[in-house]
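*Asks:* Here is what each chain is made of, one letter per residue.
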Amino acid sequence: EAGVAQSPRYKIIEKRQSVAFWCNPISGHATLYWYQQILGQGPKLLIQFQNNGVVDDSQLPKDRFSAERLKGVDSTLKIQPAKLEDSAVYLCASSLDQGALGELFFGEGSRLTVL
Amino acid sequence: DQQVKQNSPSLSVQEGRISILNCDYTNSMFDYFLWYKKYPAEGPTFLISISSIKDKNEDGRFTVFLNKSAKHLSLHIVPSQPGDSAVYFCAASAYTGFQKLVFGTGTRLLVSP
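Line by line, the protein sequences are chains A and B.
In this text, residue positions in the first sequence follow this note's numbering: the first is 1, and each later residue adds one.
In this text, residue positions in the second sequence follow this note's numbering: the first is 1, and each later residue adds one.
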């Protein structure tokens with residue numbers, strides 16, 4: 001079974017530039033999550049999708065971050081314009097069903113450095 | 001507001017001994033707890049979980065204990081192996097129509113031969 005795929009693995013940009021990250025969840029997983037992990041901290045949920053609808057985006061900085069999950073499969077997270085404090089690893093995760101208590105499967109993450 | 005806390009940033013243990021990783025939480029609505037392990041340059045992987053209706057769950061060398069009155073859980077690894085060296089994250093969930101995990105800051109475990 002293929003795992004959660006993310007790209008790019010690494011990205012370096014200057015502040016005020018834009019960046020986009022892509023995620024392909026495990027086949028059949030209805031729920032998709034984007035987490036932000038700043039160095040020395042635990043992952044923080046940015047946005048959660050159930051199929052192609054948003055379940056929770058309460059911690060997403062909507063003035064600069066946006067995310068979409070077209071057709072309920074792949075997802076893209078965009079940052080525009082980037083700030084220095086956005087430097088972090090962006091983790092995508094998926095799970096079978098948001099209603100079921102169970103494990104999340106994470107991708108390897110996309111490491112963003114903002115200079 | 002850090003709802004899930006792992007107060008020990010790091011822990012060093014000798015191979016064969018017991019590793020005990022601790023986690024405290026503040027939200028009494030949390031009813032499901034998980035531990036994830038993370039190696040460098042990889043995403044976190046699920047290790048073990050426990051529901052609030054239990055006080056212990058065991059899976060091989062890994063045991064999680066939950067003390068609801070103290071809002072505390074711990075992960076025991078016995079015996080510890082060098083391959084267990086990783087960052088361990090505690091996570092908690094309060095079911096409110098959907099599962100939302102809140103992660104702690106992690107504890108880096110180093111198991112030396």
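Just so you know, these hints were derived from the structure itself, not from any lab.
Keep in mind that this is a model prediction, so the values were computed, not measured.
Using N, Cα and C, we set each Cβ at its ideal position, and we do this for glycine too.
Don't take each hint at face value.
[As the list claims (entries may be wrong)] One-sided and incomplete, this derived list gives chain A residues near chain B with beta-carbon spacing under 7 angstroms:
1. Gly42
2. Pro43
3. Leu84
*Asks:* Next, verify each hint and record whether it holds.
*Replies:* Results of checking the hints against the structure:
| no. | hint | verdict |
| --- | --- | --- |
| 1 | Gly42 | 3 angstroms, holds |
| 2 | Pro43 | 5 angstroms, holds |
| 3 | Leu84 | 21 angstroms, violated |
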